[in-house]
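Taken in sequence, the protein lines are chains A and B. Our numbering numbers the first residue of the first sequence as 1 and each following residue consecutively. Our numbering numbers the first residue of the second sequence as 1001 and each following residue consecutively.
Just so you know, these hints were derived from the structure itself, not from any lab. Heads up, some of the hints might be wrong.
What the hints assert, rightly or not - Partner residues are not named here, just some residues of chain B that face chain A (Cβ under 7 Å, in silico):
hint : residue
1    : Tyr1009
2    : Arg1119
3    : Gly1122
4    : Lys1169
5    : Leu1183
6    : Gly1185
7    : Arg1196
8    : Gly1200
9    : Ser1204
10   : Ala1207
11   : Leu1211
12   : Gly1212
Claimed, not checked - Output of the computed footprint for chain B on chain A, the stretches with three or more beta carbons under 8 Å from beta carbons of chain B:
hint : stretch
13   : 77-86
14   : 93-100
15   : 115-125
Here the structure is a predicted model, which means the values were calculated and not measured. C-beta atoms are modelled at their ideal positions from N, C-alpha and C, and glycine is treated no differently.
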Amino acid sequence: MSAPLLTVEHLSVSFGGVKAVDDVSFQVGSGEIFAIIGPNGAGKTSIFNLVTRVFEAGGGRVTMRGKDITRVPRNDIVRFGIARTFQNIELFEGASVLDNLLLGRHRFPTGNLLQQIFYTPRVRHAEDAARDRAEDIIALLDLAPHRNSPVAGLPYGVRKVVEIGRALAAEPELLLLDEPASGLNPEETRDLAFWIEDIKKDMGITVVMVEHDMSLVAETADRVMVMNMGRVLTTGTPQQVQSHPEVVAAYLGA
Amino acid sequence: MRFPYDTAYADSRRLLRFTGQKLSYGALLLLLCAAPFVLPRFYVGELTYLFIFCLASLGLMVLTGYTGLVSLGHAAFVGIGAYTHAWLLGHGVPLFISLALAATASGIMGVVIGVPAIRISGLYLAIVTLAFSVLVEHAMGRWVSVTGGFSGLSVPAPEVFGVSLGGPKAFYFLCLACLILVLLGLINLTRTRPGRALVGVRDSEAAARSLGIHVAGYKVLAFKLSAAICGLAGGLMAHQTRFLTPEAFSMMLSMQLLLAVVIGGLGSLRGAILGAIVISLLPTAISHLKPLLSARLAGQSGLEVFMFGLVLTAFVLFEPKGINGRWLKVKAFFEYFPLYRRDTFRRTKAYMRSERYK
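With the sequences and hints as input, model every part of the structure.
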């Protein structure tokens, strides 16, 4: 593992009496594909929500490149180079695919309000540059046929891909994918595996994903962390964890 | 069939791309410029009022259509603009400065309402804005030293460097120019970063936050812009009515504005204009229809309100995307002529929305 990009130390959160995340620590190295697996309710998505500040951490520390982000305002998280997707797709339904991707680039300013209203040359150039980046993502993810379609009318599989594209548009260092393969057919899942490899190799983005599809995890992940009941069971390569006795017990209830 | 073939990004951002568009919008502008010289004086006044109503409707569209915040009290912002403008003119402030200050005053009130209102949405926000407009209406009635109270306040005629703009033709062009300028500004706003951010706040706050959009800030911005545009409309309306009374800015106006943006089609500037046209022409249309109805029906009070309700119900049931949605469908039908599919505009189901968090 190279220098750690994301470090999570003793992270906990509880809702009522339920400890959703209980003293979880792990590190993600730069350029790694790190998968988090576990049964439903294990606290996988809660970890994403803690890292992106949707939930307030009950204890522990999250650092990104050595900078503490445990108490950063939620809309500043993207400035630290973290972008995410959502389990249930949170796209901007009324906007086109292109506008969704451009919205992903919101953190790059294009001038002040008055300049936008008068659509000055400076704004136009910035918009063209943003469009350039968006077109790169459209080319990478094969979204060209849907470029100007409203998201609301697209098939489920395409919407999932658009959401990944929107996160990529923010030019993150760390991409959090929450169940990217859920609801995809086997063919779409294979495409997704290639894209995740591309995202890592060509764009140099570190990927952390929560995923149930073990074929995708085995194919792409460098390391896997297994969770159950808010705690970490084990961490290792996909082959190691699949044969780990506690993991087998957690999944099969034996 | 028409297929837009882009060879540069500049192609897709041109406002008038095709010859047909240039011709039709050019013809519309020509007609609007010729209208005051051809039409009888009454209709020039009606058109002027229509422009002012379009302005206010555009203002509400920014808030309700683009940012998804419902306001039942936008008449208050129109009223604040109207009274501020009349008062400033009465104290010798030049016309354009006074109009700008009226819009600013209204915009500041928008922030005053917007800041506490960002924590609430939907029905609660509608109630808060409604209460605000009732408050403002009462303040207009009671603050006699400034507003003249219920006996009214007369508005000085508009004048720039000694040239009167009070004639029907001059005032018509003033309102048309204001409408076109605001419309162009809003078109630019909606196709750049802040406009997209407003849509982002409307469609998913969770995703907007994760992308670095300051949700509360953009909600306040929407309130500010929306109130300022309505304030400008109010300033112009003061000249149109020439005499201000608080009743002119009652809930009826707020309702008409909300109806205009809903019927026009939420989330589109064209919708705001089309909706405003329908709503402001409806009373005239009804009065023309009245002689055709039986005496008992025509004599009923509340026929207008009934018609407003009927039109709204029909749209919500049959065309929730409003006139703009219907317009896009008709356009698509002709553009793809033999190949048009009804399903093009069908939305896929929103999956598992129950698990959403803010």
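A quick look at each hint next to the structure:
1. Tyr1009: 5 Å, holds
2. Arg1119: 15 Å, violated
3. Gly1122: 17 Å, violated
4. Lys1169: Since chain A brings no Cβ nearer than about 29 Å to B/Lys1169, farther than 7 Å, the hint is violated.
5. Leu1183: 12 Å, violated
6. Gly1185: Holds, about 5 Å.
7. Arg1196: 5 Å, holds
8. Gly1200: Interface hint status for B/Gly1200: holds (5 Å vs cutoff 7 Å).
9. Ser1204: Since chain A brings a Cβ to about 4 Å from B/Ser1204, closer than 7 Å, the hint holds.
10. Ala1207: Hint on B/Ala1207: holds, closest Cβ of chain A at ~4 Å, below 7 Å.
11. Leu1211: Check passed: Cβ of B/Leu1211 comes within 5 Å of chain A, closer than 7 Å.
12. Gly1212: Status holds, d = 4 Å.
13. 77-86: holds (count 6)
14. 93-100: holds (count 4)
15. 115-125: Contact hint for the stretch 115-125 of chain A vs chain B: holds, 6 residues under 8 Å.
The structure fails hints 2, 3, 4 and 5 (numbered hints given earlier, in ascending order).
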